[in-house]
Amino acid sequence: MDLEMVSYLSKLGKLSFTEEEMKKKASEMTSIIEIMDTIKEIDIKYDALADNHDVYLNDLREDFSLPSMPTEKIIQNATSSNNYFVVPKVVE
Amino acid sequence: MDVTSKNISQLRSMLDNKEISATELADAFISRIKKYDSKLQSFITVTEEKALKDAENAQKVINSGNASGLCGIPLAVKDNICTDGIRTTCSSKILENFIPPYNATVIEKLNSENAVMLGKVSMDEFAMGGSTQTSAFAKTKNPYDLSRVPGGSSGGSAACVSASLAAGALGSDTGGSIRQPAAFCGVTGLKPTYGRVSRYGLVAFASSLDQIGPIAKSAYDCGMILNSIAGYDPHDGTVSKNPVMDYTSRIGQSIKGMKIAVPQEFYAEGIDDCIRKSVLSAADTYKSMGAEIVQCSMPSLKYAVAAYYLISSAEASSNLSRYDGIKYGHRSKIGENFNELISNSRSEGFGEEVKRRILLGNYALSSGYYDAYYGKALALRQRIKAEYAGIFEKCDVILTPTTPSVAYGINENVSDPVKMYQADICTVTANIASLPAISTTCGYDSDGMPIGMSIVGRQFDEAVIIQTADAFEKQFNTASPIL
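Chains as they are written, first to last, in our numbering: chain A, 0 to 91; chain B, 3 to 485.
Looking at chain A on its own, in the form it has when it is part of the complex (with noise of 0.2 Å):
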């Protein structure tokens, strides 16, 4: 795998790489999509109607309100807030 292609899917995983980190993922990316390459020897295709035969659209859950999760709760885990989530400024 080249560092253009680690460079585009780093991108897409909103991940950051040194140069140097991004080599040693080339490196290993390369391995791992060798044994990935395996599959290819097998011509068989996917069926995906046979995949969701079993699955009832008509079984869901009754749609009914239950009291929400206390804000102070949802909010606690978050860093900078003040009972709302604080994000860097995204209007220029």
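Read the hints as simulated data drawn from the structure, not as lab findings.
Hints may be right or wrong, so weigh each one.
[Stated by the list, open to error] Each computed EDC-like pair below joins lysine to aspartate or glutamate, with the alpha-carbon atoms no more than 20 Å apart:
(1) 258/B / 475/B
(2) 10/A / 350/B
(3) 421/B / 36/A
Dock chain B against chain A, hints included.
Positioned in the frame of chain A, the structure of chain B alone reads:
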């Protein structure tokens, strides 16, 4: 004999017969944790105060004569199962200070039975790994040899039960994470059928494969824990409405006439000789009990590791996108704008293995590669399911090794992801096919390290695999580690 070395069914009788109180029992386990866990490092958080309070409440229920199976039994919980008000880290820096605002359904179920929670135990970060050495907080050791790994990802759960620091534990299994550490630590671990146990409150890794299950000293004990945690849950749309039965009910019934399949590919090159011999010798034991051993084949096994890593990493890359450093979890101090903050928080918070899985998942799902990797992996999942169905037309259970080798040294394999992935060959297919599987000890190598065998059953046939494992355990001399 020290009370902590007893199994859950024995402790149940002792509590019910008032030979020991729930508080004395909790105290005995807490003392043992204090004495030995500094070298074993199985616990991330010990909840001593809660355990003693749980025990006090349990004793009241015992005194009233209404105690159910796990009432007063001291258990440990893997640190990826949410516990209201108690830190749940997933062994990751990104969740180092995360306090869940709610309980997982399995915790609610244990609480309703008045089980005693001793604490939260270590694991590979986000359950990705087979050594517990990717934990950011407690790199657990194997109780049989402290220079070796306990397996993983539920390494803390298996090690603490093996070392008698808990009577039983909850783990989770996405590709072998209950069975493999159970095998390495010489205990019994059960991965239930997908959908048998609610995943609500289990921190998601790969949602179509994850399943919570027990690790204990015997198949009987695993059945007792499963009795408590199984069943329908409106919070989890993938949980089954199949009625819950007593999973210990077949224990003691003869296995005469049972057909046990032995698929040749599980015993081929790559499996250490001592493991192969030991599991085949267990097959002979079953034969001597009247079971019929049936040779069979699973040709797609050679593709299983690739299919598993493609599906699980694809799901992980999506599931882990929720960690942004904003709502909860580690938040970077550096981040001029929104995207930079998220990227820095994730890069500082996730460990190397987690990052590799995110990259692999994104690769498998990205345009131009989707059909060749993810699509093909889904097709293989169907093929593997079909091969299992073919075997179960002729047989009742399947017997395989749990691992290709016994527990290895802490510095071996762990830094080589390819070797680590290939070691999952014996366990991943049960997850891919949503089947229940149990691992129990069937031998020891020349260094005294435990060897595990797995029994795989039809969907929802947990009682049958527990019965089969128990039949072997009854005639096998299980060792105990000396700490």
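*What are the numbers of the hints that this structure violates, sorted from low to high?*
none
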